[in-house]
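Knowing the structure of chain S, use the given hints to seat chains H, L and R on it.
Protein chains: 4
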Amino acid sequence: MKVIVDLCIVPIGVGVSISAYVAACEKILTQAGLTVQLHANGTNIEGDWDRVFAAVKLCHEKIHEMGAPRIFTTMHVGTRTDREQTMADKIKSVQAKMLK
Amino acid sequence: MKVIVDLCIVPIGVGVSISAYVAACEKILTQAGLTVQLHANGTNIEGDWDRVFAAVKLCHEKIHEMGAPRIFTTMHVGTRTDREQTMADKIKSVQAKMLK
Amino acid sequence: MKVIVDLCIVPIGVGVSISAYVAACEKILTQAGLTVQLHANGTNIEGDWDRVFAAVKLCHEKIHEMGAPRIFTTMHVGTRTDREQTMADKIKSVQAKMLK
Amino acid sequence: MKVIVDLCIVPIGVGVSISAYVAACEKILTQAGLTVQLHANGTNIEGDWDRVFAAVKLCHEKIHEMGAPRIFTTMHVGTRTDREQTMADKIKSVQAKMLK
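Here the protein sequences come in this chain order: S, H, L and R. Taking my numbering, I'd label the letters of the first sequence as residues -16 to 83. Taking my numbering, I'd label the letters of the second sequence as residues -16 to 83. Taking my numbering, I'd label the letters of the third sequence as residues -16 to 83. Taking my numbering, I'd label the letters of the fourth sequence as residues -16 to 83.
Be careful, since some hints might not be right.
To be verified - Quick look at which bits of chain S chain R covers, simulated, 3 or more residues with Cβ under 8 Å:
1. -13 to -3
2. 12 to 26
3. 61 to 68
4. 71 to 83
It should be emphasised that the hints constitute simulated quantities derived from the structure, not laboratory data. Think of the CB as a built atom: it goes at the ideal place given N, C-alpha and C, for glycine as much as any other residue.
One chain only, chain S, in its complex shape (with noise of 0.2 Å):
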């Protein structure tokens, strides 16, 4: 099952920047083959769900052995069956329709 993510991996307890910490979460899920791309408020992510989800468990563990006590993540998770879709695909619907 093909899945299109949004992670976004928030560290507690570390002080208030936490680029370092995406930073290593960035190369983790590049390192496993997934499709990613950054954006100021997360990390798209596309692939198979299976790849997908254990690259976002390493991200925690990671994170937790670089000094985070605590991690506060939310992802949005899109599957769908109708028709393949990409994430390059979703984008350009919606800048298609603008133009109408």
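Relative to chain S, chains H, L and R alone:
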């Protein structure tokens, strides 16, 4: 790794009434042996990371089987290494602070 | 416009314990005359759109006043025009389907 | 108060294709003078708290007018008092850490 999750599954393309789909997920989560608490905007779940996410995948598979062509799910995922904490602990902790 | 919201406010930069901040928000929401239900991963709120969002803004202001330099909030926001529905209705609707 | 928001609006009861509704919101947000960045799972918005939330309300009103009987929206809402930070700053901060 223990996780506390807030799960909100929204099937798309099946009309405005989605309670039958949520109910099917409640059964899956309960049968998975997880601690489950339905609330007005989702379902709180407490359990082992792998078991929780395996059950969430079953929910997506079941809802597609029931006829939903598209699913939009949001999750809050909390882990911590500093101490054990249950969902009941979280509520009690806030309520205790409200009395002060 | 009536709205049902799930609010989860996470202050960042104040350590791992955030229950005192959540408790302060519960008081603000209740004093605003809104229907409020605390759960393990957030707070469900029912009320008029403008009153709900005004109260959420007060929560952010209050938490910053209490010393949090950064706040990360997630919200689920539901509106519908087809019929009246309360938070209690939503739960009952799922529970009724679970009995079938 | 300045806010950075991630907005994901899902109309329910209008079938599986929702891009026309998202496109209508993009126009509203842009016309409101906000900094707006569409991504694969939502729209990042930067601006004054009141102006951002007024625009989000207009989006809900517009989508109901377009015929959606129900809307499910998720938002990430970030505020900070320690320093000014733009959406572009957030991305640069993570990217800088990834090079290390």
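Going through the hints against the structure:
Counting residues of the stretch -13 to -3 of chain S whose beta carbon lies closer than 8 Å to any beta carbon of chain R gives 4, which meets the minimum of three for the stated coverage. Coverage of a stretch by a chain is defined here by at least three residues with a beta carbon nearer than 8 Å to that chain's beta carbons; for the stretch 12 to 26 of chain S and chain R the count is 6, and the condition holds. Only residues whose C-beta sits within less than 8 Å of a C-beta in chain R count toward coverage, and the stretch 61 to 68 of chain S has 3 of them, enough to reach three; the restraint holds. Residues of the stretch 71 to 83 of chain S lying with their CB closer than 8 Å to a CB of chain R number 10, which satisfies the three-residue condition for coverage.
In this structure, none of the earlier numbered hints is contradicted; all agree with it.
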